[in-house]
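This note's numbering numbers the first residue of the sequence shown as 1 and each following residue consecutively.
Think of the hints as simulated: they come from the structure by calculation, not from any bench.
Any given hint could be a false lead.
When the alpha-carbon atoms are kept at most 27 Å apart in a straight line, the in silico DSS-like pairs for lysine-lysine are as follows [unchecked claim]:
id	residue 1	residue 2
1	Lys84	Lys172
2	Lys246	Lys193
3	Lys84	Lys193
4	Lys98	Lys265
5	Lys84	Lys35
6	Lys193	Lys98
7	Lys98	Lys11
8	Lys265	Lys283
9	Lys246	Lys84
10	Lys98	Lys15
11	Lys283	Lys35
12	Lys193	Lys15
13	Lys172	Lys193
14	Lys265	Lys15
15	Lys262	Lys98
16	Lys173	Lys15
17	Lys246	Lys173
18	Lys11	Lys172
19	Lys172	Lys35
20	Lys246	Lys262
21	Lys98	Lys35
22	Lys35	Lys246
23	Lys193	Lys173
24	Lys173	Lys283
25	Lys11	Lys35
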Amino acid sequence: MNPFVDSSDIKEDGKALCQRADRDGYLYIRDFVDKEAVLQARHDIANVLQEVGWIDAGTDPLETITSHPPHVSGEPEFSPVYDKVQMLESFHTLAHDKAIMRVIGNLLGDDVLLQPSNIARFIFPTNLEQTTPAHQDFVHIQGTPDVWTAWLPLGDCPHRMGGLSVLTGSHKKGILPVSRALGAGGLRAHFEKIGGEWVSSPFENGDLLFFHSHTVHRGLPNLSGDRIRLSVDYRYQRASDPVMDKVLGPHQGRLSWDEIYKGWKSTEFQYHWERYELTPVEKVPVQPVEEATG
């Protein structure tokens, strides 16, 4: 698999970034995000996972060493752990990183809205069948198609730990039919007829991948053998565009914002979306192809 096109050399050139993003459907920028902020989020999430026994006791939590059976979203054991992560201030604050916001501002303009429904991922090394399938984010988040996701691993992510792969140029192929699948989101896009090239690169702490909501992308299997891969998804759009109502609440919807903000040290980013006059819209159900043709 060929590597991502590296946009580090044009990271401060807004016009060049927009042209490349339009061409490829993604931007990959190395050594970009505040490394200390990334490691703080990693530290806080890893501590939660070690407290519940998902990271082995007696090991450095930052190493995310595990001999624990895998857990995935939808399991009863997963939800209370994920909710603890959702309450972490460092996890949400990282989404407001100045470098991220600068690039998103170049892509979208001045009225950038961070969709507050931030997502954390913990990918176990012994659960390969649950690797995230090829998909387009728009199917899940809807609202406006002009949404960009910032995906970053929390720390180094060599190829053996997986990472993310993108189908170059797929954002110009429209919304693809889907079928049910294992892995995050539960839907697989049928991309086989649209062409394009799958690309990926290893990540180091501070590296970042942006991609459009129509860009087909997929997780790569965590083949480390004993390490949990930690990553985050943050999504951005214009505040003046329609926004799906569900992404204005905490991810997975079990907690209130008051519960999440309890214990935070700063109020700077709390309820940040309320400064805008938004146009919330309801999600339109997606019908997998096996149901549509069955």
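Going down the list of hints, with the structure as the test:
| no. | hint | verdict |
| --- | --- | --- |
| 1 | Lys84 / Lys172 | violated (38 Å) |
| 2 | Lys246 / Lys193 | violated (32 Å) |
| 3 | Lys84 / Lys193 | violated (41 Å) |
| 4 | Lys98 / Lys265 | holds (19 Å) |
| 5 | Lys84 / Lys35 | holds (23 Å) |
| 6 | Lys193 / Lys98 | violated (39 Å) |
| 7 | Lys98 / Lys11 | holds (13 Å) |
| 8 | Lys265 / Lys283 | violated (34 Å) |
| 9 | Lys246 / Lys84 | holds (20 Å) |
| 10 | Lys98 / Lys15 | holds (19 Å) |
| 11 | Lys283 / Lys35 | violated (35 Å) |
| 12 | Lys193 / Lys15 | violated (31 Å) |
| 13 | Lys172 / Lys193 | holds (13 Å) |
| 14 | Lys265 / Lys15 | violated (37 Å) |
| 15 | Lys262 / Lys98 | holds (24 Å) |
| 16 | Lys173 / Lys15 | holds (23 Å) |
| 17 | Lys246 / Lys173 | holds (26 Å) |
| 18 | Lys11 / Lys172 | holds (23 Å) |
| 19 | Lys172 / Lys35 | violated (33 Å) |
| 20 | Lys246 / Lys262 | holds (21 Å) |
| 21 | Lys98 / Lys35 | holds (12 Å) |
| 22 | Lys35 / Lys246 | violated (30 Å) |
| 23 | Lys193 / Lys173 | holds (10 Å) |
| 24 | Lys173 / Lys283 | holds (22 Å) |
| 25 | Lys11 / Lys35 | holds (17 Å) |
Checked against the numbered hints given earlier, this structure breaks hints 1, 2, 3, 6, 8, 11, 12, 14, 19, 22; the rest are met.
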